[in-house]
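Q: Below, each chain spelled out in residue letters.
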Amino acid sequence: MSRRSARRARTPESVELNITAFMNLMVILVPFLLITAVFTHLTVLDINLPTSNQSSSSSANKKSFEINVILGNKYFVVSDNNNRIIKKIETYKTDGHFKILNNVLKQIKVRYPEKTNITILSQQNSNYDTLIKTMDAVRVFNAVEDGELIQVELFPNISIGDAPKLK
Amino acid sequence: MKESRRTKRMATHHKRRKDRTASLNMVSLMDIFTILVFFLLVTSSDSNILPSPKSISLPASTTDKIPKKTLVVMVNDKNIQINGKQIISIKAAINNNKTVIPELARALIQYSKKEEKNKKRYNITVMGDKTIPYKLLKKIMVTCAGTKYANISLAVVQKRLEKS
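Heads up: the sequence lines are chains A and B, in that order. Residues 0 to 166 (numbering that gives the first Met the number 0) are what the first sequence spells out, left to right. Residues 0 to 163 (numbering that gives the first Met the number 0) are what the second sequence spells out, left to right.
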């Protein structure tokens with residue numbers, strides 16, 4: 000032993016770490032984590048389902064103000080429960096039209112700050128994606144405060160129903 | 000053969016060079032791997048509760064509500080599944096002339112036996128493909144509500160907020 004150490008001391012050479020084991024670990028760990036990594040973050044949207052007795056009571060007191068968004072085949076209609084049309088948007092091909100809907104509802108929110116529930120009345124054939132986009136436009140309003148984007152609540156209690164038959 | 004001074008010198012030089020073991024410089028590789036491992040560990044730490052099937056393309060939304068651990072009804076472009084088990088095809092579900100889907104209701108009643116008894120409403124998550132019509136979605140929701148699964152959450156992919 001003493002001979003060996005003596006020889007090593009005589010010839011100074013650069014000391015190297017043996018990193019082979021560490022490299023093995025990394026090579027295994029990196030592909031494993033890459034496979035298990037999920038880059039799309041899933042979240043949920045809650046909807047408000049009226050129970051059967053709730054819906055009958057709401058039809059009984061018709062005086063309260065309710066907001067409906069009718070999602071037609073090619074248009075939006077924002078109306079109240081007395082079928083008065085507040086705003087009609089002719090098409091919803093682009094995101095800009097959801098923006099208009101968003102702005103209309105923001106103005107309504109200013110007038111009725113306590114209101115949190117809204118009903119989306121959808122046509123039978125409108126697809127799920129459009130429905131979700133509408134729910135997004137109805138739920139929150141994006142605002143910039145101190146250079147940061149924040150979501151301001153509009154009408155988060157969303158109910159879904161059938162659109163009335165068109166005349 | 001007599002060696003010249005120069006060849007001797009070159010030979011000793013060569014010998015000395017040969018003694019050293021060739022080694023790769025792995026420092027930068029280690030740096031990359033260390034950073035990558037920590038990044039992946041952090042991103043994978045948020046446990047994903049919902050499954051992420053490849054056959055469904057979920058719609059995008061800006062909501063930030065975290066999904067709860069519930070029963071999951073998956074609706075892709077061909078059939079309806081609960082926990083990966085196929086229940087009924089979409090065509091059959093749309094074409095029956097009822098407001099509910101009886102096959103789905105039967106399956107949901109089976110699952111509801113495992114839920115807590117004293118609760119009035121059970122939670123359920125619907126993962127629907129973005130192309131499914133509202134007609135079908137309504138049938139599913141009515142069916143769920145009819146079997147006490149009245150707290151319905153719709154699964155979506157989180158979309159980043161963009162400055163308008």
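Derived by calculation from the structure, the hints in this document are not laboratory data. One or more hints might be untrue.
Stated by the list, open to error - DSS-like mimics (lysine-lysine), calculated; alpha carbons at most 27 Å apart, straight line:
hint	chain 1	residue 1	chain 2	residue 2
1	B	Lys-134	A	Lys-86
2	B	Lys-64	A	Lys-114
3	B	Lys-158	A	Lys-98
4	B	Lys-84	A	Lys-73
5	B	Lys-137	A	Lys-86
6	A	Lys-98	B	Lys-137
7	B	Lys-113	A	Lys-73
8	B	Lys-129	A	Lys-98
9	B	Lys-129	A	Lys-73
10	A	Lys-108	B	Lys-64
11	B	Lys-137	A	Lys-87
12	B	Lys-134	A	Lys-87
13	A	Lys-87	B	Lys-129
14	B	Lys-119	A	Lys-73
15	A	Lys-73	B	Lys-77
16	B	Lys-137	A	Lys-73
17	A	Lys-114	B	Lys-77
18	A	Lys-108	B	Lys-158
19	B	Lys-158	A	Lys-105
20	B	Lys-134	A	Lys-98
21	B	Lys-138	A	Lys-73
Owing to the predicted nature of the structure, the values given are computational and were not obtained by experimental measurement.
Q: Please go over all the hints and tell whether each is borne out by the structure.
A: Cross-check of the supplied hints:
This hinted pair checks out: Lys-134 (chain B) and Lys-86 (chain A) have alpha carbons roughly 25 Å apart, not beyond 27 Å. Taking the CA atoms of Lys-64 (chain B) and Lys-114 (chain A), the gap is about 21 Å. The hint holds against a cut of 27 Å. Under the criterion of a C-alpha separation no larger than 27 Å, the hint pairing Lys-158 (chain B) with Lys-98 (chain A) is consistent with the structure, at around 16 Å. Our distance criterion of 27 Å between C-alpha atoms is broken by Lys-84 (chain B) and Lys-73 (chain A), whose separation comes to about 36 Å.
Under the criterion of a C-alpha separation no larger than 27 Å, the hint pairing Lys-137 (chain B) with Lys-86 (chain A) is consistent with the structure, at around 26 Å. Proposed proximity of Lys-98 (chain A) and Lys-137 (chain B) is supported: the alpha carbons are some 26 Å apart, at most 27 Å. Between Lys-113 (chain B) and Lys-73 (chain A), the direct Cα distance comes to roughly 43 Å. Violation of the 27 Å bound is thereby established for this hinted pair. Between Lys-129 (chain B) and Lys-98 (chain A) the CA atoms are separated by roughly 20 Å; this keeps the pair inside 27 Å, and the hint holds.
Only pairs whose Cα atoms come within 27 Å are accepted, and Lys-129 (chain B) paired with Lys-73 (chain A) is accepted, the gap being roughly 18 Å. For the given pair, Lys-108 (chain A) sits about 22 Å from Lys-64 (chain B) by alpha-carbon distance, which is consistent with the 27 Å threshold. For the proposed pair Lys-137 (chain B) and Lys-87 (chain A), the alpha carbon gap of about 24 Å is at most 27 Å, so the pair holds. Of the pairs offered as hints, the one joining Lys-134 (chain B) and Lys-87 (chain A) holds, with about 23 Å between alpha carbons and a cut-off of 27 Å not exceeded.
Straight-line distance between C-alpha atoms of Lys-87 (chain A) and Lys-129 (chain B) comes to about 25 Å, which keeps the hinted pair within the 27 Å bound. For the hint pairing Lys-119 (chain B) with Lys-73 (chain A), the CA-to-CA distance comes to about 39 Å; that exceeds 27 Å, so the pair is violated. Taken as a hint, the Lys-73 (chain A) and Lys-77 (chain B) pair is honoured in the structure, with Cα atoms around 26 Å apart against an allowance of 27 Å. Only pairs whose Cα atoms come within 27 Å are accepted, and Lys-137 (chain B) paired with Lys-73 (chain A) is accepted, the gap being roughly 20 Å.
With a CA separation close to 39 Å, the supplied pair Lys-114 (chain A) and Lys-77 (chain B) exceeds the 27 Å bound. Of the pairs offered as hints, the one joining Lys-108 (chain A) and Lys-158 (chain B) holds, with about 24 Å between alpha carbons and a cut-off of 27 Å not exceeded. Using a Cα cut-off of 27 Å, the hinted pair Lys-158 (chain B) and Lys-105 (chain A) holds, with the two alpha carbons roughly 21 Å apart. Using a Cα cut-off of 27 Å, the hinted pair Lys-134 (chain B) and Lys-98 (chain A) holds, with the two alpha carbons roughly 25 Å apart.
With a CA separation close to 22 Å, the supplied pair Lys-138 (chain B) and Lys-73 (chain A) stays within the 27 Å bound.
Of the numbered hints given earlier, the model fails hints 4, 7, 14, 17; all others are met.
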